[in-house]
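Number of protein chains: 2
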Amino acid sequence: MTDTSRRSFLRGAAISGAGALVGGRVAAQAAPDPAITELQPWQQYLGEGVDARPYGMPSEHEAHVVRRDVPWLTADPVSSVNFTPLHELDGIITPNGLCFERHHGGIAEIDPGAYRLMINGLVDTPLVFTLDDLKRFPRENHAYFLECAANSGMEWRGAQLNGCQFTHGMIHNVMYTGVPLRLLLEEAGIKTAGKWILPEGADASAMTRSIPLEKALDDCLVAFKMNGEALRPEQGYPVRLVVPGWEGNMWVKWLRRIEIGDQPWHHREETSKYTDLLPDGQARRFTWEMDAKSVITNPSPQAPITHGPGPTVLTGIAWSGRGTIPRVDVTLDGGATWARARMSGPSFDKSMHRFYYEFDWDGRPLLLQSRAHDSTGYVQPTKDMLREVRGENSIYHNNGIQTWAVNEQGVAENVEVSS
Amino acid sequence: MTDTSRRSFLRGAAISGAGALVGGRVAAQAAPDPAITELQPWQQYLGEGVDARPYGMPSEHEAHVVRRDVPWLTADPVSSVNFTPLHELDGIITPNGLCFERHHGGIAEIDPGAYRLMINGLVDTPLVFTLDDLKRFPRENHAYFLECAANSGMEWRGAQLNGCQFTHGMIHNVMYTGVPLRLLLEEAGIKTAGKWILPEGADASAMTRSIPLEKALDDCLVAFKMNGEALRPEQGYPVRLVVPGWEGNMWVKWLRRIEIGDQPWHHREETSKYTDLLPDGQARRFTWEMDAKSVITNPSPQAPITHGPGPTVLTGIAWSGRGTIPRVDVTLDGGATWARARMSGPSFDKSMHRFYYEFDWDGRPLLLQSRAHDSTGYVQPTKDMLREVRGENSIYHNNGIQTWAVNEQGVAENVEVSS
Numbered sequence: 001m002t003d004t005s006r007r008s009f010l011r012g013a014a015i016s017g018a019g020a021l022v023g024g025r026v027a028a029q030a031a032p033d034p035a036i037t038e039l040q041p042w043q044q045y046l047g048e049g050v051d052a053r054p055y056g057m058p059s060e061h062e063a064h065v066v067r068r069d070v071p072w073l074t075a076d077p078v079s080s081v082n083f084t085p086l087h088e089l090d091g092i093i094t095p096n097g098l099c100f101e102r103h104h105g106g107i108a109e110i111d112p113g114a115y116r117l118m119i120n121g122l123v124d125t126p127l128v129f130t131l132d133d134l135k136r137f138p139r140e141n142h143a144y145f146l147e148c149a150a151n152s153g154m155e156w157r158g159a160q161l162n163g164c165q166f167t168h169g170m171i172h173n174v175m176y177t178g179v180p181l182r183l184l185l186e187e188a189g190i191k192t193a194g195k196w197i198l199p200e201g202a203d204a205s206a207m208t209r210s211i212p213l214e215k216a217l218d219d220c221l222v223a224f225k226m227n228g229e230a231l232r233p234e235q236g237y238p239v240r241l242v243v244p245g246w247e248g249n250m251w252v253k254w255l256r257r258i259e260i261g262d263q264p265w266h267h268r269e270e271t272s273k274y275t276d277l278l279p280d281g282q283a284r285r286f287t288w289e290m291d292a293k294s295v296i297t298n299p300s301p302q303a304p305i306t307h308g309p310g311p312t313v314l315t316g317i318a319w320s321g322r323g324t325i326p327r328v329d330v331t332l333d334g335g336a337t338w339a340r341a342r343m344s345g346p347s348f349d350k351s352m353h354r355f356y357y358e359f360d361w362d363g364r365p366l367l368l369q370s371r372a373h374d375s376t377g378y379v380q381p382t383k384d385m386l387r388e389v390r391g392e393n394s395i396y397h398n399n400g401i402q403t404w405a406v407n408e409q410g411v412a413e414n415v416e417v418s419s
Numbered sequence: 001m002t003d004t005s006r007r008s009f010l011r012g013a014a015i016s017g018a019g020a021l022v023g024g025r026v027a028a029q030a031a032p033d034p035a036i037t038e039l040q041p042w043q044q045y046l047g048e049g050v051d052a053r054p055y056g057m058p059s060e061h062e063a064h065v066v067r068r069d070v071p072w073l074t075a076d077p078v079s080s081v082n083f084t085p086l087h088e089l090d091g092i093i094t095p096n097g098l099c100f101e102r103h104h105g106g107i108a109e110i111d112p113g114a115y116r117l118m119i120n121g122l123v124d125t126p127l128v129f130t131l132d133d134l135k136r137f138p139r140e141n142h143a144y145f146l147e148c149a150a151n152s153g154m155e156w157r158g159a160q161l162n163g164c165q166f167t168h169g170m171i172h173n174v175m176y177t178g179v180p181l182r183l184l185l186e187e188a189g190i191k192t193a194g195k196w197i198l199p200e201g202a203d204a205s206a207m208t209r210s211i212p213l214e215k216a217l218d219d220c221l222v223a224f225k226m227n228g229e230a231l232r233p234e235q236g237y238p239v240r241l242v243v244p245g246w247e248g249n250m251w252v253k254w255l256r257r258i259e260i261g262d263q264p265w266h267h268r269e270e271t272s273k274y275t276d277l278l279p280d281g282q283a284r285r286f287t288w289e290m291d292a293k294s295v296i297t298n299p300s301p302q303a304p305i306t307h308g309p310g311p312t313v314l315t316g317i318a319w320s321g322r323g324t325i326p327r328v329d330v331t332l333d334g335g336a337t338w339a340r341a342r343m344s345g346p347s348f349d350k351s352m353h354r355f356y357y358e359f360d361w362d363g364r365p366l367l368l369q370s371r372a373h374d375s376t377g378y379v380q381p382t383k384d385m386l387r388e389v390r391g392e393n394s395i396y397h398n399n400g401i402q403t404w405a406v407n408e409q410g411v412a413e414n415v416e417v418s419s
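Residue numbers (full-length UniProt numbering), protein chains in the order written: chain A, 1 to 419; chain B, 1 to 419.
The hints are simulated quantities; they were obtained by calculation from the structure and are not laboratory data.
On a predicted model such as this, the values are computed, not experimentally measured, just so you know.
Worth double-checking, as some hints may not be accurate.
Claimed, not checked - Derived CB-CB ranges, DEER-like:
(1) D51(B) x E38(A): 54 to 62 Å
(2) D132(B) x R340(A): 52 to 60 Å
(3) R157(B) x D349(A): 42 to 50 Å
(4) E48(B) x A52(A): 46 to 54 Å
(5) L39(A) x E392(B): 37 to 45 Å
(6) S419(A) x M57(B): 40 to 48 Å
(7) R268(B) x A52(A): 46 to 54 Å
(8) D218(B) x E38(A): 53 to 61 Å
(9) K191(A) x A339(B): 34 to 42 Å
C-beta: ideal position from N, C-alpha, C; glycine also.
With the sequences and hints as input, model every part of the structure.
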């Protein structure tokens, strides 16, 4: 957005009242705006004191900013997944109260005093740690995204869910504090035959996944804090495994046991689930790393353009399980022309990145797309490119380019353009 | 902590039960630990579903992790300040629900639809912005600490408050999303005579502070999001001013007006308050930048050592209004010998930093101190060094070194050692 365009647009907000259009809202201000010239209620009375909020909550005016589920998505009477309201957020940190949750046995409520972590299998000394034991090891702090392998899964069959909260909301980005898993494994002593680990959850589903030892010794964390405070119950309180860049269900929550073995276990969640059936009947398996991906969060179906033509801020998020996101391209015309977005905010390895693109909207229909480039040189593909390789059976690992169609009224909807 | 020490310590946790000491807690395990060998309640029943928590909250087991006030600190029937529970947090992000709050007229509850920001005074075009108008300007994302100038103020007269939550808890560190103030001022056009700005709050106290134009054009933000979501009411919802590195009350909350003038206004909060009366009767004024400071958060009076002798993790936070913190020193013997702490987590300009020091506690009394070095070469002074220069009248700007005494039982208390 040029200085001129901003100036011309906001001249309209001059107190003189000359401007009939302020940010697109029609407010014929023959007189100065009473909302600023008259005393407002909150200026006249002592507000609520601090004692009322020992643990603070959002304003009542933000009550619509919540995690939501998709009723028809899960058969259970109780839904087992909800979605992060990406269109209401900004920056790269997902607040703990809004991090999407997915579980296979409900939210376990664990007494931290009775919490234990066992390391057994191919080790010199099987060990059991209390929560206090874990806090006696050196800690590290890292921000990582967690994306469910099924994020955008419904979109394989075409545009279905009308909002980025539902198409891309199975992701969050959190600053974790935890102990490198390597230190705990060294404590037990891995036998030479040990090549894989099997983390197990303490919830009713006893979630398990096979993880190669190399990854476990590389950057995995046994985490007990998220964004500064204790893990939330739905995120694995008191302890979860952090597996940077890899699909979400490997980040075992309510972590109770880590078994060391000489080969993968081929359990349910890595065979019948979280695998991709290809056209030839073969299945892609152990596709752990999340490929580079991006989505425009504003404008989007849940966040239309309400201010009419003129200066408009487009923003979105991008991430890669293989590194950082040095570049995101955006298009307003369905891919005919692309422009480079502006990145803003910290760029961490395997963490969410924020991009912006400011433009003067002429009020004509838009076909919005974003395309992420990661630090390995990988470029986010179109959905058609993915279908060409993986066919039509897939549910998981859809990192294809998302399209939003915006009409003259600024209303956005989920569409697909052939590519 | 050496590998040997860790190994010898945790051998005690072997399932064999050989170890009577697990992390210092006496648990004579002739038999394996039932907490890990027996089925626990949370493994046997379906947990709560996602629908119950559209906006998530901490575990019921974390109910003690809250902001607290000091009843005798404020005369009002309603306290006007509470403190961040630093001893319960880790990393560098302060979760929104636990960010300390200080206000002069209670928490204003503003209707975002009726929100307005006026820029007037020495400008070419006085302007009024709605919240939607502000969101049409380019945004940036930055993490900054906010410290109240009165943080540690009670400690000028010696060790008084028994816990880092109360001695140092008027600080938080948040990732903000906002519009550079410079862009809004350029929009209005600053007249040549304009040298200062006066931000004004929309709360009942109409808080105002004089800020030099150079700072306003440098790195100030008009922020509407904190840690990804909308500002909290007690943090200025829907819009606050962010004044990186400068004392907290300049970060005007519920921002309603910015006046441009040719000189400072000398209002109440920069004359009778937030100034330091020196021995000669003169007062230090406009001491905006917060000097480098640090505090050990664990162990501390609210967080004693409970595991007895052996491997112990010491941690704390450090910050500087003038840059980053490349180095923190810690001492276990009241300053006789110093060791360099390990920094972990992102290092941002004018942001909180996290440090750790792992050591084998021999069970003897400790005198714990931390000493921050900032990127300008400034070294955090002792309280006595500050008193020598500023005398005994001060309340504000105490960045002196804090001492915790730990006894043989691991109990910590706030003390002072002459230096």
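Going down the list of hints, with the structure as the test:
no.: 1; hint: D51(B) x E38(A): 54 to 62 Å; verdict: violated (42 Å)
no.: 2; hint: D132(B) x R340(A): 52 to 60 Å; verdict: violated (26 Å)
no.: 3; hint: R157(B) x D349(A): 42 to 50 Å; verdict: holds (47 Å)
no.: 4; hint: E48(B) x A52(A): 46 to 54 Å; verdict: violated (27 Å)
no.: 5; hint: L39(A) x E392(B): 37 to 45 Å; verdict: holds (42 Å)
no.: 6; hint: S419(A) x M57(B): 40 to 48 Å; verdict: holds (43 Å)
no.: 7; hint: R268(B) x A52(A): 46 to 54 Å; verdict: violated (26 Å)
no.: 8; hint: D218(B) x E38(A): 53 to 61 Å; verdict: violated (34 Å)
no.: 9; hint: K191(A) x A339(B): 34 to 42 Å; verdict: holds (36 Å)
When each numbered hint is compared with the structure, violations occur for hints 1, 2, 4, 7 and 8.
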